[in-house]
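Whole structure, please, built from the sequences with the hints as guidance.
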Amino acid sequence: MIGPLNMSQDTGLLIAIMLGFFFGLFLERGGLGNPQKLTGVFYLTDFAVPKVMFTAILVASTGLYLLSDLKLLDMGRIWIVQTFFWPQIVGGVLFGIGFVVSGYCPGTAVAGLASGQLDALVAMIGIGIGSLIFALLYPMIEGFYQSSAMGEATIQGVIGISHWVVLAALIIVAGLMFFFMERYEKKTR
Amino acid sequence: MTKNNFWSPYIAGTGLGLTLLATFYIAGWGLGASGAFSLLTSVGMNQVLPDFTRGLSYFSQYLNAASPLKNWMLFEIFGVFLGALSGALFSRNFRFRFIRGSTTGIGMRLFAAVTGGILIGFAGRLARGCTSGVALSGGAQLAMAGWIFVIAMFVGGFIAAAFLRRLWS
Chain A
1 MIGPLNMSQD TGLLIAIMLG FFFGLFLERG GLGNPQKLTG VFYLTDFAVP KVMFTAILVA
61 STGLYLLSDL KLLDMGRIWI VQTFFWPQIV GGVLFGIGFV VSGYCPGTAV AGLASGQLDA
121 LVAMIGIGIG SLIFALLYPM IEGFYQSSAM GEATIQGVIG ISHWVVLAAL IIVAGLMFFF
181 MERYEKKTR
Chain B
1 MTKNNFWSPY IAGTGLGLTL LATFYIAGWG LGASGAFSLL TSVGMNQVLP DFTRGLSYFS
61 QYLNAASPLK NWMLFEIFGV FLGALSGALF SRNFRFRFIR GSTTGIGMRL FAAVTGGILI
121 GFAGRLARGC TSGVALSGGA QLAMAGWIFV IAMFVGGFIA AAFLRRLWS
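Sequences listed follow chains A and B, in order. Letter 25 of the first sequence, counting from 1, is numbered 25 in my numbering, and no numbers are missing. Letter 121 of the second sequence, counting from 1, is numbered 121 in my numbering, and no numbers are missing.
Hints in this document: simulated from the structure, not taken from any laboratory. Since we're looking at a predicted model, the values are computed, not measured. Treat the hints with care, as some may be off.
Claimed, not checked - For the chain B half of the interface with chain A, some residues (derived, Cβ under 7 Å), not all of them: (1) Ala12; (2) Ser137; (3) Ala140; (4) Ala160; (5) Phe163; (6) Trp168.
As the list claims (entries may be wrong) - Quick list of the computed label-pair ranges, beta carbon to beta carbon: (7) A:Leu14 - B:Leu89: 21 to 27 Å; (8) B:Leu89 - A:Gly76: 31 to 37 Å; (9) B:Gln47 - A:Gln9: 40 to 46 Å; (10) B:Arg54 - A:Ala149: 22 to 28 Å; (11) B:Ile151 - A:Phe179: 47 to 53 Å; (12) B:Ser60 - A:Ile161: 47 to 53 Å; (13) A:Met1 - B:Asp51: 42 to 48 Å; (14) B:Gly107 - A:Ile161: 51 to 57 Å.
Just so it is clear, CB atoms sit at the ideal spot from N, CA and C, and this is done for glycine as well.
Written out as structure tokens, the structure reads:
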């Protein structure tokens, strides 16, 4: 069977709950429902976020491009995340500030609430208010929101090299990062 | 640091990566989170102020769907809640509590949670997704979006942490 699979809307929604279940389970078990651990990287006290995040990215990425190269997955039918350079730079910086201030991001706030944390519920209400403010201001910021569009740009596409070169470089960088994080944590513990 | 029984981050990360890979293979897109909050806000607002909400072009995109709540990401987020709840219960990590820095009062903690939440909610819309939809999913696709968002997010986070040294200590 070549992915992505075709299915009815109701089957798709059922599968969404199942995939979300594992997403939430691994987030919680990795410690990413806890705002002390989530913000630890920004204070250099706990590196759970980059360790979980970059491990997940590299596992999924290697699998994705392997399945595609083996013709088991039709990359042309995968919805690639669209790049809008400046909105994503500004959005990313604001998001990072909000991450430290609130102690959560949207998915981890859900995991935090599911662990019994009431501060996560308050952060979730804030996320809803933030979405509303965006919708209210949308007519004014639509121009910026749609600017610097790069479509389905990928690193390998922009540089013009094989995706395996990009992946190998990322694995080496992540491996070095993990090595130094472990060493630093041992020293400061 | 409080004692905890969390798994190795590399084990949890591998599980998360395989879940994301399965999502790409089955659904044809990645995992998300912030979109579900935006959708729920638009549906909630539509109950209270229907004419006003439908006049907001950004929210009307959700409300124009045949049944707005039959949304893939919303169901996925419901699953996230169930999965995290199971993980917390089975590992005895479930407790009603507020998590805050030792010098941060509960009032200050809740003010920070809602203020930071508002920033995240706004920034996630501007960037077309959050840590899940853009950083994790886009990062794994080697999309430019994912990696510029990750770098910008860490820059913003380190700047905020430098100014808020005591919030989480």
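For each hint, the structure was consulted:
no. : hint                            : result
1   : Ala12                           : holds (3 Å)
2   : Ser137                          : holds (6 Å)
3   : Ala140                          : holds (4 Å)
4   : Ala160                          : holds (4 Å)
5   : Phe163                          : violated (9 Å)
6   : Trp168                          : holds (5 Å)
7   : A:Leu14 - B:Leu89: 21 to 27 Å   : holds (22 Å)
8   : B:Leu89 - A:Gly76: 31 to 37 Å   : violated (42 Å)
9   : B:Gln47 - A:Gln9: 40 to 46 Å    : violated (23 Å)
10  : B:Arg54 - A:Ala149: 22 to 28 Å  : holds (27 Å)
11  : B:Ile151 - A:Phe179: 47 to 53 Å : violated (21 Å)
12  : B:Ser60 - A:Ile161: 47 to 53 Å  : violated (42 Å)
13  : A:Met1 - B:Asp51: 42 to 48 Å    : holds (47 Å)
14  : B:Gly107 - A:Ile161: 51 to 57 Å : holds (53 Å)
Consistency with the previously given hints fails for numbers 5, 8, 9, 11 and 12, ordered from lowest to highest.
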